[in-house]
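Since the structure of chain A is provided, determine the placement of chain B on it from the hints.
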Amino acid sequence: MSTLGNFVWSIADQLRGVYKPHQYGDVILPMTILRRLDCVLEPTRDQVRQIAEAESREELRDVKIKRATGLGFYSTSPWDFTRLVGDPDGLSANLTDYIAGFSKNIDVFERFRFDNQIATLSEKNRLLIVVQKFAEVDLHPSSVSNAEMGDLFEELIRKFAEASNETAGEHFTPRDAIRLMVDLLFAGDDQALVEKGVVRTVYDPTAGTGGMLSVAEEHLVGTPEHPGLNPDARLRLYGQEINDQSYAICKSDMIAKGQDASNIQLGDTLAEDKFAGTTFDYCLSNPPYGVDWKASEKAVKDEVARAGERSRFPGGLPSIGDGQMLFLQHLATKMRPVHDGGGRAGIVLNGSPLFTGAAESGPSQIRRWLLENDLADAIVALPTNMFYNTGIATYVWILDNAKPAERIGKVQLIDGTEFYSKIRKNLGNKSREITAADREQIVKLYAAYDETEHSKIFPTDAFGYWTITVERPLLDEHGEVVRDRKGNPKPDPKLRDTENVPFTYAGNDLGDDGRDATIKAYVEAEVLPHIPDAWVDEKKTKVGYEIPFTRHFYKYLPPRPLDEIDADLNQLVAEILDLLREVEK
Amino acid sequence: MTRSRPDLVDSGVPWLGRVPAGWKTKPLWSLFERIKDVDHPEERMLSVFREFGVVAKDSYDNINKTAENRSIYQLVHPGWLVANRMKAWQGSVGISSLRGIVSGHYICFAPRHNEDHRYLNWLLRSTAYSNGYAVLSRGVRIGQAEIDNDEFRLMPILLPPVEEQRAISDYLDRETDQIDTLIAKQEQLIATLRERRRSLVRRALTPADSWTTSRIKHLATTTLGKMLDAGRAVRDDDSLAPYVRAADILADGSVRLTDLNEMPFSAPEMSKFSLQRGDVLLIEGGATVGRPGFLEADAPGIAFQKTVNRLRPGADLVPRFAYWSMLALYESDFYVRFYGSVSFVHLTGEKLREISIAHPDVSEQSEIAGYLDEKTAKIDELIAKTERFIELSKERRSALITAAVTGQIDVRAAA
Chain A
1 MSTLGNFVWS IADQLRGVYK PHQYGDVILP MTILRRLDCV LEPTRDQVRQ IAEAESREEL
61 RDVKIKRATG LGFYSTSPWD FTRLVGDPDG LSANLTDYIA GFSKNIDVFE RFRFDNQIAT
121 LSEKNRLLIV VQKFAEVDLH PSSVSNAEMG DLFEELIRKF AEASNETAGE HFTPRDAIRL
181 MVDLLFAGDD QALVEKGVVR TVYDPTAGTG GMLSVAEEHL VGTPEHPGLN PDARLRLYGQ
241 EINDQSYAIC KSDMIAKGQD ASNIQLGDTL AEDKFAGTTF DYCLSNPPYG VDWKASEKAV
301 KDEVARAGER SRFPGGLPSI GDGQMLFLQH LATKMRPVHD GGGRAGIVLN GSPLFTGAAE
361 SGPSQIRRWL LENDLADAIV ALPTNMFYNT GIATYVWILD NAKPAERIGK VQLIDGTEFY
421 SKIRKNLGNK SREITAADRE QIVKLYAAYD ETEHSKIFPT DAFGYWTITV ERPLLDEHGE
481 VVRDRKGNPK PDPKLRDTEN VPFTYAGNDL GDDGRDATIK AYVEAEVLPH IPDAWVDEKK
541 TKVGYEIPFT RHFYKYLPPR PLDEIDADLN QLVAEILDLL REVEK
Chain B
1 MTRSRPDLVD SGVPWLGRVP AGWKTKPLWS LFERIKDVDH PEERMLSVFR EFGVVAKDSY
61 DNINKTAENR SIYQLVHPGW LVANRMKAWQ GSVGISSLRG IVSGHYICFA PRHNEDHRYL
121 NWLLRSTAYS NGYAVLSRGV RIGQAEIDND EFRLMPILLP PVEEQRAISD YLDRETDQID
181 TLIAKQEQLI ATLRERRRSL VRRALTPADS WTTSRIKHLA TTTLGKMLDA GRAVRDDDSL
241 APYVRAADIL ADGSVRLTDL NEMPFSAPEM SKFSLQRGDV LLIEGGATVG RPGFLEADAP
301 GIAFQKTVNR LRPGADLVPR FAYWSMLALY ESDFYVRFYG SVSFVHLTGE KLREISIAHP
361 DVSEQSEIAG YLDEKTAKID ELIAKTERFI ELSKERRSAL ITAAVTGQID VRAAA
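As they're listed, the protein sequences go chains A and B. Mapped onto UniProt numbering, the consecutive letters of the first sequence carry residue numbers 1 to 585. Mapped onto UniProt numbering, the consecutive letters of the second sequence carry residue numbers 1 to 415.
Please note that the accuracy of each hint is not assured.
[Unchecked claim] Covered stretches of chain A, going by a simulated chain B footprint (3 or more residues, C-beta under 8 Å):
no.: 1; segment: 525-534
no.: 2; segment: 541-551
no.: 3; segment: 557-564
[Unchecked claim] Cβ pair distances, simulated, as ranges:
no.: 4; chain 1: A; residue 1: G321; chain 2: B; residue 2: D39; range: 26 to 32 Å
no.: 5; chain 1: B; residue 1: D39; chain 2: A; residue 2: A521; range: 39 to 45 Å
no.: 6; chain 1: A; residue 1: I423; chain 2: B; residue 2: T221; range: 33 to 39 Å
no.: 7; chain 1: B; residue 1: T192; chain 2: A; residue 2: S319; range: 56 to 62 Å
no.: 8; chain 1: A; residue 1: I423; chain 2: B; residue 2: P300; range: 19 to 25 Å
no.: 9; chain 1: B; residue 1: N261; chain 2: A; residue 2: D115; range: 37 to 43 Å
Calculated directly from the structure, the hints in this document are not laboratory data. These numbers were taken from a predicted model, which means no experiment stands behind them. For each residue, glycine too, the CB sits at the ideal point set by N, CA and C.
So here's chain A without its partners, still in its complex pose (with noise of 0.2 Å):
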């Protein structure tokens, strides 16, 4: 932790009693940012109050404080930080109305409920100490760029997270993660990202706390000490979040970063998307895993039902239990059109959408939706034990609707798993880090684009397989086989049986096109050598879609030749024997 996160968590010492641990956040965070906006407004407080006395029409003195100001937001109150201090028996009004007194599209305090800390802090003799300990922290943007802000936010926020044991794979996606998506993101856009004045836009469904919209930027466009491809570009960053604090602590880092307010909106992305009508250059997401969408289920059925193939989920839907596949859609549909310059998106997800389902199963069809329409670019494995409360296996998803000539038809699988560095102390389950070295061998992969050890590249056929249906002919009394009227064998249920026939078997090229020759090809040399009397009912055959990214990497380690083990045991004796005579002296 830095010296700076380390100061400010430590006023958490001032809440130990009042609060529980997993509490001390509700203060902290909302505090912090009230202190950063408060630092931020400074240079401008005076010229505001000025013009908001002689402006009492809310809608122009809007327009005339941003004019003066630059900045998208303000506060009339007549309190500071400075002077909340020097009134101490007036704090808690005083507070109160310092917040209130801030533009409208600052309502971060409301999701907070601060009033509430605000009344507890006060009754507890503690706020007055928690306000003095924040005057003293200096979160001037010229001490304290908009990257350092957001990496503090980020200490702060683990935590928050570490002590209230969130779900697995929810509240908070780590930087280096993020950095990742964010490098493989742009890789392929770096020629046109450099153009002066570019104007870019990106969106995150799932934006928690802003943390891949802040990394985003900080690529791109930088800062004056740490420039990003572009200090010129501009990019504008969007944002939906269903939890009021995540939503509260996101948009505030927005506004300390001079975008747009309402760029960022509260509420269930699968449920009504707030955004809806608007595509973007750059999508990123960390959605919940294994989290059910019950919640969200009439919503996104009604939307389907009344949009079909052009609502949000055209490949379908995936099970109840897990929505992930949902987000992994709706990044897809809001990618900007092709017809437009087209989109790229990046999500990380866990194994599951890999391969859940059956062939004809919603998550089977939504890879099936995805693939025949090629917007699967590639997917990389990330290091395990990567993320703060969760040691699964996570991959990161790259979407792109307009791909480069030698990617289109094409998904490039990359594993990723060993491009990692051990920190030195363990944060949750968080033991590796992807550092920018490692970083940069993964995005070399990627636009390298060739087979490696760590890279292959797949048509995207090759992920597609028919399930067909063997049937066996049912056996009477006598072993004669039963027959139907028109002289055809009866099928006996209990001996069907499915096959999975890969659309490359026998080296198909065509795929789904070339269903019965390949079929045919496949049983004549799989099946019927083992059960003569067999045949395939062709009304049955189902179209699936899996992508097995483990067996595409795994390492066979054969035995070592039994010559060399012997040698090195004739060795091992004669060592021994030595030793124990040694041993015996």
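Leaving out everything else, chain B in the frame of chain A:
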């Protein structure tokens, strides 16, 4: 001496490699039929073990308890294939030679073939096939991959002629029995060497008439490490430092000084909890209470935590002699016997200071310590070599099985 065959061809399966030209492969489904036969609670309980295959459950210690409701268990018969889907890739597969019931979570197959059961057991449990299961297994959690029956049923079963299957089984039964006997002998050697080592230490520390008995508080200073308080807010003058805890005091008597956990320490605490050459660190509690570790060199910038008790010898106690004395106490189960009235034994600073040890004068201490260092080093080296021998023997066993069932060895001549 094993004889290689000249007639090998590519099997077409990466993890199978090259196999004899005349051998066939058939998919598992064509040899076995999956059956789920439940409601036999009175039958004998079986299980699939990674090391042994299908065995009677009462034959081995097993931390897995039998389910209360045995009706969900599946009946299998001799020749049946049983697989634990979640552990197939680790070797939990086998052909049963017994009749009994197995877990409802296993997948069970009745034989529909005329092949040799013993051969199939060797084959399906070989390293090659474990690799095959691993390639086809999948899962969301690390180390919890599961092979789906859709994939398992397609496993290519390598089939030499039946008489050759029997020859392979006979060969492997004989060869593995020899290897297992050899391994058992080596394990016996190690146990004897460890006994010799303990006896050596005990004898060297048996006091002569000229020795003195003193309490540790008169020979050394003791310090219990810092209380772990990761959740406490950091004070201004604290800085993060790595610290040694019980887990860093290793069984071989050394102290691990890398990859340590960290927590905040103030400057005075860094002095108080310093580690320097000659310190003896003792595990403060638990199953290995009192086990010592010795610091070979100063460790500036590293502290220790309260699961560790530091003994710093004074002028009348030679550090290495102190280490051996504390090891002798530990190896004699002194702590458990002396303080064992409560369930969890703690070696507090107070208790440590009151312990008496016998010691000669300083020069003789050095002599004894040097003697023990030299003698135990020889025993330790021999134990390490023997452990390596066992490791290689097990590797040979696995490689031999795979070589035999994939036809690398011509057992027709070896039989």
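Evaluated hints:
no. : hint                        : verdict
1   : 525-534                     : holds (count 3)
2   : 541-551                     : holds (count 3)
3   : 557-564                     : holds (count 6)
4   : A:G321 - B:D39: 26 to 32 Å  : 30 Å, holds
5   : B:D39 - A:A521: 39 to 45 Å  : 43 Å, holds
6   : A:I423 - B:T221: 33 to 39 Å : 36 Å, holds
7   : B:T192 - A:S319: 56 to 62 Å : 59 Å, holds
8   : A:I423 - B:P300: 19 to 25 Å : 23 Å, holds
9   : B:N261 - A:D115: 37 to 43 Å : 40 Å, holds
Comparing the model with each earlier hint shows no violations; every hint is respected.
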